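**Student:** As a plain string of letters, each chain reads:
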Amino acid sequence: MSLDAATVRRIAKLARIRVEDEEVQTLQGELNAILGYVEQLGEVNVDGVEPLSGGAQMALRQREDVVNDGGIAGKILANAPDRELNFFAVPKVVE
Amino acid sequence: MSIFDLTIAGAAKELAARKVSAVELVTAYNGAVEALNPRLNAYITVTPELALAQAKQADARIAAGNATPLTGIPLAMKDLFCTEGVRTTAASKILEPFVPQYESTVSAQLKAAGAVMLGKANLDEFAMGSSNITSGYGPVENPWKRAGADAKLVPGGSSGGSAAAVAARIALGATGTDTGGSIRQPAAFTGLAGIKPTYGRCSRYGIIAFASSLDQAGPMARNVEDCALMLNAMAGFDVKDSTSAERAVPDFCAALNRGVKGLRIGIPAEYRMDGTNPEIVALWEKGISWLRAQGAEIVDISLPHTKYGLAVYYIVAPAEASSNLARYDGVRFGARVDGVDLIDMYERTRAAGFGAEVKRRIMIGTYVLSHGYYDAYYLKAQKVRNLMLRDFTQAFAKVDAILTPTAPSAAFGLGEKMDDPVTMYLNDVFTVPASLAGVPAMSVPAGLSAEGLPLGLQIIGRHFDEETVFAVSAAIEKAAGFTALPEVRAK
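Chains A and B are the protein sequences, given in the same order. Note that the working numbering gives residue 48 to position 48 of the first sequence, counting from 1, and the numbers run on in steps of one. Here the working numbering runs 95 ahead of the position in the second sequence, where the first position is 1.
Worth flagging that the hints you see were computed from the coordinates, not collected in a lab. A quick note: this is a predicted structure, and the numbers were derived from the prediction, not measured. Errors might be hidden in some of the hints.
[Said to hold, decoys possible] Here are a few chain B residues that sit away from chain A, every Cβ distance over 12 angstroms (derived from the structure):
(1) Q204
(2) A340
(3) V394
(4) A545
[Claimed, not checked] Label-pair ranges, simulated between beta-carbon atoms:
(5) B/T488 with A/Q40: 18 to 26 angstroms
(6) A/A78 with B/S384: 54 to 62 angstroms
(7) A/I72 with B/Q389: 51 to 59 angstroms
(8) B/I438 with A/D65: 32 to 40 angstroms
Cβ coordinates follow ideal geometry from the N, Cα and C atoms, glycine included.
Based on the sequences and whatever the hints tell you, model everything.
**Tutor:** So this is what it looks like as structure tokens:
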């Protein structure tokens with residue numbers, strides 16, 4: 001399977017990465033090289049094999065559904081590129 | 096003998112005997128960093144004043160009689176560990192202004208043990224790479240040179256700054272992280288020991304995430320004993336990481352002198368790949384004979400799905416990365432590039448903030464998780480991953496540890512292997528399988544190439560059996576008697 005230029009643009013859009021016109025061809029070649037390499041998995045028979053999602057040999061731990069943190073708005077906002085009072089500021093979304 | 100000849104264990108003894116103070120040791124290392132880092136670029140951020148303040152506290156603690164073996168020991172911290180009040184970049188421009196308001200669990204535990212932080216070590220951007228050339232803060236120079244040549248070599252990656260710092264003796268030890276080989280391959284390229292513990296052994300809390308089902312922290316140091324000392328302090332259960340293992344941490348140092356007598360060591364047929372460098376194969380044969388001579392039983396084994404490891408890895412890791420890196424959107428932290436609207440701001444921020452390799456991996460990950468392709472790529476890779484785990488489980492029914500080469504070559508030149516991403520990915524062919532299975536694996540320096548560059552052997556163990564990995568690694572180290580040093584180093 002080979003990606004065309006339109007698909008490369010669509011992936012970039014989904015990934016929220018701006019791609020300039022002159023970058024598309026290079027990316028297309030590189031992404032196709034990687035996808036071409038992973039094609040070999042097609043030859044492995046995985047009938048009846050469960051997917052393995054993680055390296056941990058255990059069930060995920062759960063904790064009580066309670067508030068156990070908070071009151072650190074200043075720390076959370078300390079690295080914000082833009083802020084107003086105790087809020088992150090972003091460009092206007094609704095006209 | 097110079098102060099830079101001391102290992103962590105050696106320095107701890109000198110400190111305990113009050114023959115040297117932590118302030119003296121750290122002052123010497125601060126000076127070495129200042130002298131050599133402009134050339135090597137092993138650190139992105141240096142913290143000499145913080146180091147000196149920590150050294151003073153360490154001396155007080157040693158005087159009070161409650162020191163640990165790491166008290167006063169100057170370390171490099173991979174710049175992927177969040178450090179409270181000290182800029183943490185993941186070697187990405189998108190995190191250039193980021194100053195964490197909290198401390199990662201691993202760095203906090205090292206701090207609690209009294210270790211001193213010299214600075215934040217360079218790496219491949221978001222730990223994605225095998226050469227440190229994808230760093231947004233410039234490449235790292237390997238302190239080793241080919242005999243009689245002056246070409247700059249890469250230190251490996253992604254923990255390349257950590258590796259170069261320890262090899263050049265501008266750190267006594269360093270933290271690394273390993274997702275597909277990022278501790279073991281740079282350790283091999285720079286003549287160091289380095290261990291990727293079992294997935295879950297060290298907390299991932301506060302480590303900037305790349306591929307969460309694979310990422311694991313570990314130590315890199317001059318020898319196996321120093322790695323054991325560091326891992327003793329780094330490992331342990333942490334409620335802040337839901338995949339952290341709720342298990343007691345043994346004293347890894349106690350395993351160093353167990354020997355290998357009676358141990359069954361597996362040699363996987365599938366690691367003898369066509370076209371593997373004959374020097375690497377010869378070193379592997381030497382390793383086998385060393386272990387046999389020390390009383391181990393050598394057993395031929397099969398890990399049938401080895402050849403699919405890289406293909407699985409280059410689906411699973413980008414998929415997880417595309418999800419993890421969605422957080423860099425210019426809103427809550429990091430750099431922002433303004434746009435005409437919110438979406439434009441996201442797209443411009445991420446286009447400017449991420450380097451080429453990171454963008455490639457996010458896009459591959461986005462594609463393999465997208466509607467219509469999820470089953471064909473991501474689900475399929477997860478199933479083959481399970482077969483790879485099964486390979487190891489079946490092998491470990493017959494053997495106690497597995498011996499392989501760490502990397503398919505010695506360190507290569509800056510600018511080599513750059514033709515296409517897949518060529519670079521092949522560096523991880525021997526290290527990726529253990530990452531996918533979650534088992535512990537260590538690289539130990541075992542010899543020099545004909546060109547005079549270090550080569551490593553890899554020891555893989557059962558889940559949570561780092562002790563056997565340490566025992567076998569110590570046996571290899573003892574037999575190899577690796578004493579070579581790089582040309583560029585603090586003296």
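**Student:** Failing hints, ascending?
**Tutor:** Number 2 - this is the single hint that the structure violates.
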